[in-house]
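S.K.: Each chain is listed here by its residues.
Protein chains: 2
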Amino acid sequence: MIGRLVIFGVGLIGGSMALALRAAGAVSEVVGCSRSEANLTEAQRLGVIDRWTTDPALACAGADLGVLAVPLGSMQGLSAAIAGHWPAEAVLTDVGSSKQAVLDAVRAGFGRLPRNFVAGHPIAGTERSGVAAAFASLFQDRLVILTPADETSPLAAERVAGMWRATGARVEFMTPAHHDHLLAATSHLPHVLAYALVESLARMSERDEIFHYAAGGFRDFTRIASSDPVVWRDICLANRDAILEVLERFQGDLDSLRQVIARGDGAELEARFEFAKDARDRFSEKMQAQLDQ
Amino acid sequence: MIGRLVIFGVGLIGGSMALALRAAGAVSEVVGCSRSEANLTEAQRLGVIDRWTTDPALACAGADLGVLAVPLGSMQGLSAAIAGHWPAEAVLTDVGSSKQAVLDAVRAGFGRLPRNFVAGHPIAGTERSGVAAAFASLFQDRLVILTPADETSPLAAERVAGMWRATGARVEFMTPAHHDHLLAATSHLPHVLAYALVESLARMSERDEIFHYAAGGFRDFTRIASSDPVVWRDICLANRDAILEVLERFQGDLDSLRQVIARGDGAELEARFEFAKDARDRFSEKMQAQLDQ
Numbered sequence: 007m008i009g010r011l012v013i014f015g016v017g018l019i020g021g022s023m024a025l026a027l028r029a030a031g032a033v034s035e036v037v038g039c040s041r042s043e044a045n046l047t048e049a050q051r052l053g054v055i056d057r058w059t060t061d062p063a064l065a066c067a068g069a070d071l072g073v074l075a076v077p078l079g080s081m082q083g084l085s086a087a088i089a090g091h092w093p094a095e096a097v098l099t100d101v102g103s104s105k106q107a108v109l110d111a112v113r114a115g116f117g118r119l120p121r122n123f124v125a126g127h128p129i130a131g132t133e134r135s136g137v138a139a140a141f142a143s144l145f146q147d148r149l150v151i152l153t154p155a156d157e158t159s160p161l162a163a164e165r166v167a168g169m170w171r172a173t174g175a176r177v178e179f180m181t182p183a184h185h186d187h188l189l190a191a192t193s194h195l196p197h198v199l200a201y202a203l204v205e206s207l208a209r210m211s212e213r214d215e216i217f218h219y220a221a222g223g224f225r226d227f228t229r230i231a232s233s234d235p236v237v238w239r240d241i242c243l244a245n246r247d248a249i250l251e252v253l254e255r256f257q258g259d260l261d262s263l264r265q266v267i268a269r270g271d272g273a274e275l276e277a278r279f280e281f282a283k284d285a286r287d288r289f290s291e292k293m294q295a296q297l298d299q
Numbered sequence: 007m008i009g010r011l012v013i014f015g016v017g018l019i020g021g022s023m024a025l026a027l028r029a030a031g032a033v034s035e036v037v038g039c040s041r042s043e044a045n046l047t048e049a050q051r052l053g054v055i056d057r058w059t060t061d062p063a064l065a066c067a068g069a070d071l072g073v074l075a076v077p078l079g080s081m082q083g084l085s086a087a088i089a090g091h092w093p094a095e096a097v098l099t100d101v102g103s104s105k106q107a108v109l110d111a112v113r114a115g116f117g118r119l120p121r122n123f124v125a126g127h128p129i130a131g132t133e134r135s136g137v138a139a140a141f142a143s144l145f146q147d148r149l150v151i152l153t154p155a156d157e158t159s160p161l162a163a164e165r166v167a168g169m170w171r172a173t174g175a176r177v178e179f180m181t182p183a184h185h186d187h188l189l190a191a192t193s194h195l196p197h198v199l200a201y202a203l204v205e206s207l208a209r210m211s212e213r214d215e216i217f218h219y220a221a222g223g224f225r226d227f228t229r230i231a232s233s234d235p236v237v238w239r240d241i242c243l244a245n246r247d248a249i250l251e252v253l254e255r256f257q258g259d260l261d262s263l264r265q266v267i268a269r270g271d272g273a274e275l276e277a278r279f280e281f282a283k284d285a286r287d288r289f290s291e292k293m294q295a296q297l298d299q
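Residue numbers (this note's numbering), protein chains in the order written: chain Z, 7 to 299; chain X, 7 to 299.
Worth flagging that the hints you see were computed from the coordinates, not collected in a lab.
Misleading hints may appear alongside valid ones.
Repeated chains share a single entry, so a pair holds when one copy, or any two copies, can fit it.
To be verified - Mimicking SDA-like on lysine to any residue, the simulated pairs with C-alpha atoms at most 20 Å apart in a straight line are: (1) 292 x 261; (2) 292 x 29; (3) 292 x 94; (4) 292 x 147; (5) 292 x 181; (6) 292 x 45; (7) 292 x 67; (8) 292 x 225; (9) 292 x 271; (10) 292 x 149; (11) 292 x 91; (12) 292 x 266; (13) 292 x 106; (14) 292 x 28; (15) 292 x 156; (16) 292 x 148; (17) 292 x 146; (18) 292 x 212; (19) 292 x 53; (20) 292 x 42; (21) 292 x 142; (22) 292 x 80; (23) 292 x 274; (24) 292 x 113.
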């Protein structure tokens, strides 16, 4: 049971965490903290938070558990703002998509990494953003990856894992570097490609006509290009090396496929599409089986 | 009203056309023709067709309207097989994703382009294939592009447009070359990218782990990589020039975005993501408005 939960950044993820923990009866009180009063009053009106303040230092008072749910670029500033105020015994976690960058930011903001800080990342979300998009079942049957550092308290890690299990999520542990490598491939690269495709088509002179004739396949393919630009700017900056590695690999593979198309090699094209379809069908079946469990 | 409708290739598209026209009471009898007896008996069992034959020449007897719904690579051979048998007064159309290639194939197969042949393409589909995936509402509120040639009979074009309107689709007309250019951007390029991304990740040594941690965004982004490899091999061969043009443009834009990430230019990254998000949000709102009409 969590006493006073403090959500720093009450958007899609932070808001959904509050709603999920409330729905599970796992939290007594939720305090919201962000820079925008409009955001906070909306969150209170929606029943996501009980109280709010725009002052991070004040938000720390009496905290039992805190969540840094702000874009990656705001992590260090926020950490510095709460460093002298966060209760030593209170557990702190985050939801950022690049774990090495978060650990660096929290370490820099606090002057050292608090033993009760447990870096974490829920593999869940939608292309929508803002607290109005939050919903209690966002994490149901989803994975959450926790990446404790060497100095992290095992008890704090267990507390954060328990919080996530209360939202319906499944928890796994790995190193920050491994997390960043995997997420660059499964999440960051597809977002970069979706943004790049929409941008490329939107710069063509016939853009209005092109979008007029696009259909369901295009809608699904580009859904993630409607994601929050600030969040994704920060992810690209924070996880730059891992993203560049998979992006350059992809560019090489795409160029090789372009050459197959250019030389009209039907047998090779079919073999490569078949290989991709098999992999994608297996992924889809496994994902469906997990959701059906 | 259509008397005897002949569907050559009873898969997702051909099967859904038959179901939609039956549901609308717009057809008296549906004859299926394909190379696979198993496919045809399944189509008959599912109520998609009334009768079938594996012999294209026999399928032509008494036809009122015919649809070539086979992969692009099979269009010329099929045209040649029915050329001496297709009734001169019967209207013929197709559903291929590259209109110049279809016109060339039909012209080559028949020896000349029949006046009653009207090239067409429904902008609709799913990543599934085969007659079991067919459903009557696939074309509801979707666009169908017809690309008549100079020698095409206006009456035949109007007949095909009427058939599509009976399925619930909206019909537009344009030149074959313009269709191929637009579809390369909105459909063919995204399919190539989805296949290429899944292939690239599936060749990485940690592929099982990567797919384990992939989530909803990845699932939507890669949905079209589950499409039929033979259909997409043929599209890439048939519409090669237009695809290479947009693919090379995309490669340039992607590399420019990679450079922005590499040099860590946050302002430029945010501006480009914001531009893409705006375009994608506008597309999404328009598409939703069309579906809500």
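S.K.: If a hint holds in the structure, say so; if it does not, say that too.
M.R.: Right, here's what the structure says about each hint:
Taking identical chains as interchangeable, the C-alpha atoms of residue 292 and residue 261 are never at most 20 Å apart, the minima being 30 Å within one chain and 33 Å between chains. In this assembly of identical chains, residue 292 and residue 29 lie within 20 Å of each other by CA distance neither inside one copy nor across copies; the values are 28 Å within and 35 Å between. Taking identical chains as interchangeable, the C-alpha atoms of residue 292 and residue 94 are never at most 20 Å apart, the minima being 42 Å within one chain and 51 Å between chains. Only within a single protomer do residue 292 and residue 147 lie at most 20 Å apart by alpha-carbon distance; the minimum there is 13 Å, versus 33 Å between protomers.
Neither within a single protomer nor between protomers do residue 292 and residue 181 lie at most 20 Å apart by alpha-carbon distance, with minima of 24 Å and 43 Å respectively. Taking the shortest Cα distances, residue 292 and residue 45 never come within 20 Å of each other, neither inside one copy (38 Å) nor across copies (27 Å). In this homomeric assembly, residue 292 and residue 67 never come within 20 Å of each other (Cα to Cα): the closest approach is 44 Å inside a single copy and 47 Å across copies. Only between protomers do residue 292 and residue 225 lie at most 20 Å apart by alpha-carbon distance; the minimum there is 11 Å, versus 23 Å within a single protomer.
In this homomeric assembly, residue 292 and residue 271 never come within 20 Å of each other (Cα to Cα): the closest approach is 32 Å inside a single copy and 38 Å across copies. Taking CA atoms no more than 20 Å apart as the test, residue 292 paired with residue 149 passes inside one copy only; the shortest distance there is 14 Å, against 34 Å between copies. When the C-alpha separation of residue 292 and residue 91 is checked against a cutoff of 20 Å, the pair qualifies neither within a copy, at 45 Å, nor between copies, at 48 Å. Taking identical chains as interchangeable, the C-alpha atoms of residue 292 and residue 266 are never at most 20 Å apart, the minima being 31 Å within one chain and 36 Å between chains.
Within a single copy, residue 292 and residue 106 get their C-alpha atoms no closer than 29 Å, and across copies no closer than 40 Å, so neither meets the 20 Å cut-off. For a Cα distance limit of 20 Å, the shortest separation of residue 292 from residue 28 qualifies neither inside one copy, at 30 Å, nor across copies, at 36 Å. In this homomeric assembly, residue 292 and residue 156 never come within 20 Å of each other (Cα to Cα): the closest approach is 33 Å inside a single copy and 51 Å across copies. With identical chains, the CA atoms of residue 292 and residue 148 are at most 20 Å apart within one copy only, with a shortest distance of 13 Å there and 31 Å across copies.
Proximity of residue 292 to residue 146 under the C-alpha cut-off of 20 Å is restricted to the intra-copy arrangement: shortest distance 16 Å within a copy versus 31 Å between copies. For a Cα distance limit of 20 Å, the shortest separation of residue 292 from residue 212 across copies, 16 Å, qualifies, whereas the shortest one inside one copy, 40 Å, does not. Proximity of residue 292 to residue 53 under the C-alpha cut-off of 20 Å is found in neither arrangement, the shortest distances being 35 Å within a copy and 32 Å between copies. In this assembly of identical chains, residue 292 and residue 42 lie within 20 Å of each other by CA distance neither inside one copy nor across copies; the values are 41 Å within and 30 Å between.
In this assembly of identical chains, the alpha carbons of residue 292 and residue 142 never lie at most 20 Å apart, being 24 Å within a copy and 29 Å across copies at closest. For the homomeric pair residue 292 and residue 80, neither the shortest alpha-carbon distance inside one copy (36 Å) nor that between copies (34 Å) is at most 20 Å. In this homomeric assembly, residue 292 and residue 274 never come within 20 Å of each other (Cα to Cα): the closest approach is 27 Å inside a single copy and 38 Å across copies. Taking identical chains as interchangeable, the C-alpha atoms of residue 292 and residue 113 are never at most 20 Å apart, the minima being 38 Å within one chain and 46 Å between chains.
Of the numbered hints stated above, those contradicted by the structure are hints 1, 2, 3, 5, 6, 7, 9, 11, 12, 13, 14, 15, 19, 20, 21, 22, 23, 24, listed in ascending order.
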